[in-house]
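S.K.: First to last, the sequence lines map onto chains A and B. As numbered in my numbering, residues 1 to 399 make up the first sequence, in order. As numbered in my numbering, residues 1 to 399 make up the second sequence, in order.
Treat the hints as calculated values from the structure; they're not laboratory data. The structure presented is a predicted model; accordingly, all values stated were derived computationally and were not measured. Accuracy of the hints is not assured; some may be wrong.
[To be verified] Using C-beta positions, here's what the derived DEER-type ranges look like:
id, chain 1, residue 1, chain 2, residue 2, range
1, B, 200, A, 238, 39 to 49 angstroms
2, B, 281, A, 236, 25 to 35 angstroms
3, A, 169, B, 368, 33 to 43 angstroms
Even for Gly, the Cβ is constructed at its ideal location relative to N, Cα and C.
Number of protein chains: 2
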Amino acid sequence: MFEIFFLVLFSLSKRLLLFLNFVWALKRKKRCLSLNEETKKPRNGKKIIAQKKNNNIELLIMPFKTKLTELCGIEHPIVQGGMHYVGYPSLAAQVSNAGGLGIITALTIAQPPRGAEALRDAIRECRRLTDKPFGVNITLLPVGVPPDYEGIVRVIIEEGVKIVETAGRSPAAVIKPLKKAGIIVIHKCVAIRHALSAAKAGADMISMDGFDCGGHPGEEDVGNWVLLAKAGSVLRQHSIPFIASGGCATGTQLAAALSLGAEGMNMGTRFMATREAPIHANIKKALVEADERSTTHIFRTVNNTERVYKNAQAMKVREIESEHPGDFSKIYHLVKGELYRKSFQETGDTENSVWSCGQSIGLIDDVKSCKELITDIVNEAENTIRGRLSSMLVHRSRY
Amino acid sequence: MFEIFFLVLFSLSKRLLLFLNFVWALKRKKRCLSLNEETKKPRNGKKIIAQKKNNNIELLIMPFKTKLTELCGIEHPIVQGGMHYVGYPSLAAQVSNAGGLGIITALTIAQPPRGAEALRDAIRECRRLTDKPFGVNITLLPVGVPPDYEGIVRVIIEEGVKIVETAGRSPAAVIKPLKKAGIIVIHKCVAIRHALSAAKAGADMISMDGFDCGGHPGEEDVGNWVLLAKAGSVLRQHSIPFIASGGCATGTQLAAALSLGAEGMNMGTRFMATREAPIHANIKKALVEADERSTTHIFRTVNNTERVYKNAQAMKVREIESEHPGDFSKIYHLVKGELYRKSFQETGDTENSVWSCGQSIGLIDDVKSCKELITDIVNEAENTIRGRLSSMLVHRSRY
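For reference, chain A alone in the conformation it holds in the complex:
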């Protein structure tokens, strides 16, 4: 009797062992596939989330999860930074719909006569166009007529905007009420010490903007190649998350930015060359035709350096500045905002105004939709990491 029982148990135990072994092997195989660095089909590795939208189930593909995507609740670690005469709700909403973070440029919208109330309309318009997170940019720069910053902040809070990008001068005064209202603040700045003080003032994340950027790179001329590496050591020591900004346009740069310690990438100029960018087609054409040498600096002599498209007007401004350094009155007629607006919104004349763009202008080869742009960048970054970088590492399995 005992022997029969033992035999049955022995026989069963083997079957049990066989079964467990098989399950374990299957599980291992699954893990192997998911961790396979050299996979030929990297897209299979993406996180797919089902999301209800307009009563349809939409599948989102999210290969990257970073502090930026988590903080802002967005799908891809890509921000469309504030841009004068470009950052209207129509662009911001489409960037957000494509899974990035679209941003409305407050100073472009909150103009006389309606001022901050025009921004209220823009925020509402953006909300009609997207149900995804978007933000508002508040740039704090010395301009002719001081903008109604108080009104802008009030409208942002009243309209329930969740994310604000501040930029330029010290944002402490603006950050205070925004943080009180529970708004996420990303501060864009050009120096490590400014990043530290913005974080101290309450900024949740830094957008680190180097010499290569369009618009205002500051007066210290530290390139992103070094600035981002430095941020990757200093800001991370202080547990301050940051994203790369300035001169960004490609998926290889997204992979590089993440390597350097960033949590994502901010792009301005690259988003100007999208189908949805609400600017004249001639400007987009100029962006595609230009190369990396097609920008220059103006306003250095008035301590407010700006990187702009290298056209006849900009060269004239440089010439006058070298003759009359620091005398803004001598160049005002060439640089006033109204010329900028007209070029972008009316005439498409690329030559008779000064307009901001980054060195990323040399990395733009086409005009595509925001969705295509973001998808291509994210795919390129993912392929760079899973493919190129992994293939350069010598694996244990090779010896």
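Based on these hints, arrange chain B on the given structure of chain A.
M.R.: Chain B in isolation, oriented as in the chain A frame:
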């Protein structure tokens, strides 16, 4: 009889199956470990090669295999670029011994009275100090007394040097005899079009040097952040391999450079802050204490821009240049090479000469041995790829 045979077979087949299953599972487990992107012990993944040296077996750890390591037969994708008054055989040999590519600076060595024959001695000295590959740098810049380039090239060929780094003006005339002698040529330049023409002239690899670099960044001021991304698309389209140069000092930058399409990284300034660098300790101290804003440009008005340490002498040169643009005779007494040499080799005075350094000066926190430096950079790059980047990718196993 038949039933007994069947039972035995059935019983055995199960055991066989169990055994095969187990072997397969073990094999899978091994592969999983070798491919595990999020492994906590990345060093286990390195390639270890046994090499005979001085009758001892030496174990080399090589985590990266790129076109640079393959082309030059070196262990790590790191080059120590040519540096005036720094690139002596004692440094080059130690960089090579540490697994990088050490480079002797010909123009520093081939000085009167012995000229190119002094370079011959230096090459022989370097060979005594290392049995690993090293190179010689030939910089083609406009200098007061034209160097004996012909003699330098002849000595390099006669001494059997395997690798030459050319830099500066068009290298075609120098490349021709070098390639005829079967020497590998890496050309350092600051513009995509120069890279294309150097490759056409026979250069095997490009060292792409941006605005951020020490020494001569050219007059176009394109930062490495954009220049490397551009090279990653244009040069790779033409199958021209390149390495990143200028402002390089960290392992995160090595990972970023590889992301952008480079095959490795060239460092100058960072190697000045090594124990083996044959320069005065005060200079090394200045490198450690400086930050990323501690450099400036001189010689812009004479169309030969140079990034140097931002000291009293450099600011004096800038001042004179702004008053007398283009007049080299007005600044010559402040910038002559003899002052540079004295600061580095005799006095250690950081202030009374102009001396080259890159923005990477802001990324230097310590003076260590070449071996420690290269090992740390390679480990950091590997950890960045296997750890940080992989953890940001959403794996299939997570859903």
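S.K.: Hint by hint, say whether it matches the structure.
M.R.: Outcome of the hint check:
no.	hint	in the structure
1	B:200 to A:238: 39 to 49 angstroms	holds (48 angstroms)
2	B:281 to A:236: 25 to 35 angstroms	holds (30 angstroms)
3	A:169 to B:368: 33 to 43 angstroms	holds (39 angstroms)
Consistency with the previously given hints is maintained throughout, with no hint failing.
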